[in-house]
Amino acid sequence: MEISFIGSGDAVLGFSLAGVKKAYTAGSEEELVNKINEVMADPNVGILVLQQKDYNRIPKRLQGTLSNSVKPTVIAIGTEQSTEMREKIKRAIGVDLWK
Amino acid sequence: MAVIRGTKPTRAVLIALRRRIKVAQSGHSLLKMKRDGLMIEFFEVLNRARTIRQELVQDFLKSEQRLNMAMAVEGSVAIKSVAFALQKEPSVDLSSRNIMGVVVPKISAEAVHKKMYERGYGIIGTSAAVDEAADAYESLVDKIITAAEVETSLIKLVDDIEKTKRRVNGLEFKVIPDIKDTIRFIGFALEEMDRDNVVRLKKLKSKAVKRAKAEEAAKAAEAAAAQA
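These protein sequence lines map, in sequence, to chains A and B.
Anchor point for the first sequence: position 80 equals 80 in our numbering, and the numbering is continuous, going up by one each time.
Anchor point for the second sequence: position 145 equals 1145 in our numbering, and the numbering is continuous, going up by one each time.
No lab work stands behind these hints, which were simulated from the structure alone.
A hint or two may mislead.
[What the hints assert, rightly or not] Here are the simulated DSS-like pairs of lysine-lysine, each with C-alpha atoms no more than 30 Å apart in a straight line: (1) B:Lys1174 <-> A:Lys88; (2) B:Lys1088 <-> A:Lys71; (3) B:Lys1080 <-> A:Lys21; (4) A:Lys22 <-> B:Lys1062; (5) A:Lys21 <-> B:Lys1174; (6) B:Lys1062 <-> A:Lys53; (7) A:Lys88 <-> B:Lys1163; (8) A:Lys35 <-> B:Lys1106; (9) B:Lys1088 <-> A:Lys22; (10) A:Lys71 <-> B:Lys1165; (11) B:Lys1080 <-> A:Lys35; (12) A:Lys71 <-> B:Lys1062; (13) A:Lys35 <-> B:Lys1165; (14) A:Lys90 <-> B:Lys1174; (15) A:Lys71 <-> B:Lys1106; (16) B:Lys1032 <-> A:Lys53; (17) A:Lys88 <-> B:Lys1165; (18) B:Lys1106 <-> A:Lys60; (19) B:Lys1034 <-> A:Lys88; (20) B:Lys1032 <-> A:Lys90; (21) B:Lys1163 <-> A:Lys60; (22) B:Lys1106 <-> A:Lys88; (23) B:Lys1062 <-> A:Lys21; (24) B:Lys1106 <-> A:Lys53; (25) B:Lys1174 <-> A:Lys35; (26) B:Lys1106 <-> A:Lys90; (27) B:Lys1034 <-> B:Lys1106; (28) B:Lys1088 <-> A:Lys21; (29) B:Lys1163 <-> A:Lys71; (30) B:Lys1022 <-> B:Lys1032; (31) B:Lys1163 <-> A:Lys90; (32) A:Lys90 <-> B:Lys1165; (33) B:Lys1106 <-> A:Lys22; (34) A:Lys90 <-> B:Lys1034; (35) A:Lys60 <-> B:Lys1165; (36) A:Lys71 <-> B:Lys1034; (37) A:Lys71 <-> A:Lys90; (38) B:Lys1080 <-> A:Lys22; (39) A:Lys88 <-> B:Lys1032.
Starting from the given sequences, assemble the full structure and let the hints guide the process.
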């Protein structure tokens, strides 16, 4: 299975340098959502990599679908902290264990 | 006292409820064990996820920096052409693993990180900056593959812990006490019915005794009249 990346131009270039063929640029939110849906429907993609700042932009509903998806597995990278995981842990365990 | 609504105070219902409470209690203890097991697993994954997340951010920053450097030296067109020349694509193998009923992904991949001459573009035509950028991004992809597995497992585990906790609490604080209350209620109702019955029987008996006495008296009176 392959890895796919959706994000801004520079990072797309970087990932294609690492051999990731399915690296797509997405600027506007609409474009982003369309691309994500396209990649999610692709049976050959095993891991979908997003940028954290893009992940924060997409609708909450899609965020939920992405975080629950196992095939493909979705991961967001970036310097911004994701609050989602932290809140989830807080809600489930009752204590803020993330840091 | 929260009696389950619409229950009839009969012995059959009582027996059914006793059976139900047994099932509920065994389910409760099982779910409690599941919750504790998931917690143990969760803490293990949490520690891994935290270190990996930190490394990921560092790697990400480093590779961005290297790429910028390469772009400054070679220009983005040259890097694009290098990217097109690449032959080997990173491929991963996705399977799922089961931790106490929670399906988590298991990702195995051959290392993305390659030696310089394995990449497929000429070494002489490009500068070291491009090599460094490619190098950094390859190790970033390697990290991402590990992080993807760990983080998704973590999210799945957290979701399931929440669900299991809700179920445990539902059974412990609602279902089991309700059944207990209902059993007590039926017990009281049956006792009350018993007492009613005893009173009724006593009444009937005293009536019957009275009637028998009256009949005897009547017979005695008849006999006395016949003798006279």
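Hint-by-hint comparison with the structure:
1. B:Lys1174 <-> A:Lys88: holds, 25 Å
2. B:Lys1088 <-> A:Lys71: Judged against 30 Å, a Cα distance of about 23 Å means the pair holds.
3. B:Lys1080 <-> A:Lys21: Holds, at about 12 Å.
4. A:Lys22 <-> B:Lys1062: holds, 22 Å
5. A:Lys21 <-> B:Lys1174: violated, 54 Å
6. B:Lys1062 <-> A:Lys53: Satisfied, since the Cα-Cα distance of roughly 18 Å is no more than 30 Å.
7. A:Lys88 <-> B:Lys1163: holds, 12 Å
8. A:Lys35 <-> B:Lys1106: Status holds; Cα separation ~25 Å.
9. B:Lys1088 <-> A:Lys22: It holds: about 13 Å lies between the C-alpha atoms, which stays within 30 Å.
10. A:Lys71 <-> B:Lys1165: Holds. Lys71 of chain A to Lys1165 of chain B sits at ~26 Å (cutoff 30 Å).
11. B:Lys1080 <-> A:Lys35: holds, 21 Å
12. A:Lys71 <-> B:Lys1062: holds, 29 Å
13. A:Lys35 <-> B:Lys1165: Given that 30 Å is the threshold and the Cα spacing comes to 37 Å, the pair is violated.
14. A:Lys90 <-> B:Lys1174: holds, 24 Å
15. A:Lys71 <-> B:Lys1106: holds, 10 Å
16. B:Lys1032 <-> A:Lys53: Between Lys1032 of chain B and Lys53 of chain A the Cα gap is close to 39 Å, so the pair fails against 30 Å, i.e. violated.
17. A:Lys88 <-> B:Lys1165: With a Cα-Cα distance of about 14 Å, the restraint between Lys88 of chain A and Lys1165 of chain B holds, given a limit of 30 Å.
18. B:Lys1106 <-> A:Lys60: holds, 26 Å
19. B:Lys1034 <-> A:Lys88: holds, 19 Å
20. B:Lys1032 <-> A:Lys90: holds, 19 Å
21. B:Lys1163 <-> A:Lys60: holds, 21 Å
22. B:Lys1106 <-> A:Lys88: At roughly 22 Å apart (the allowed maximum being 30 Å), Lys88 of chain A and Lys1106 of chain B satisfy the hint.
23. B:Lys1062 <-> A:Lys21: holds, 21 Å
24. B:Lys1106 <-> A:Lys53: holds, 26 Å
25. B:Lys1174 <-> A:Lys35: violated, 46 Å
26. B:Lys1106 <-> A:Lys90: Within the cut-off at roughly 25 Å; holds.
27. B:Lys1034 <-> B:Lys1106: Answer holds: Lys1034 of chain B to Lys1106 of chain B is near 21 Å, not above 30 Å.
28. B:Lys1088 <-> A:Lys21: The given pair, whose Cα atoms are some 10 Å apart, holds under the 30 Å limit.
29. B:Lys1163 <-> A:Lys71: Since the Cα atoms of Lys1163 of chain B and Lys71 of chain A sit roughly 22 Å apart, the hinted pair holds (cutoff 30 Å).
30. B:Lys1022 <-> B:Lys1032: Holds: Lys1022 of chain B and Lys1032 of chain B sit about 15 Å apart, inside 30 Å.
31. B:Lys1163 <-> A:Lys90: holds, 14 Å
32. A:Lys90 <-> B:Lys1165: holds, 13 Å
33. B:Lys1106 <-> A:Lys22: Cα-Cα ~21 Å, so holds.
34. A:Lys90 <-> B:Lys1034: holds, 19 Å
35. A:Lys60 <-> B:Lys1165: With a Cα-Cα distance of about 25 Å, the restraint between Lys60 of chain A and Lys1165 of chain B holds, given a limit of 30 Å.
36. A:Lys71 <-> B:Lys1034: Holds - the C-alpha atoms of Lys1034 of chain B and Lys71 of chain A are around 25 Å apart, at most 30 Å.
37. A:Lys71 <-> A:Lys90: Given pair Lys71 of chain A, Lys90 of chain A holds - Cα atoms ~26 Å apart, limit 30 Å.
38. B:Lys1080 <-> A:Lys22: Measuring from Cα to Cα gives roughly 14 Å; hence the hint holds.
39. A:Lys88 <-> B:Lys1032: holds, 20 Å
Violated hints, listed in ascending order, are 5, 13, 16 and 25; each of the other numbered hints is respected by the structure.
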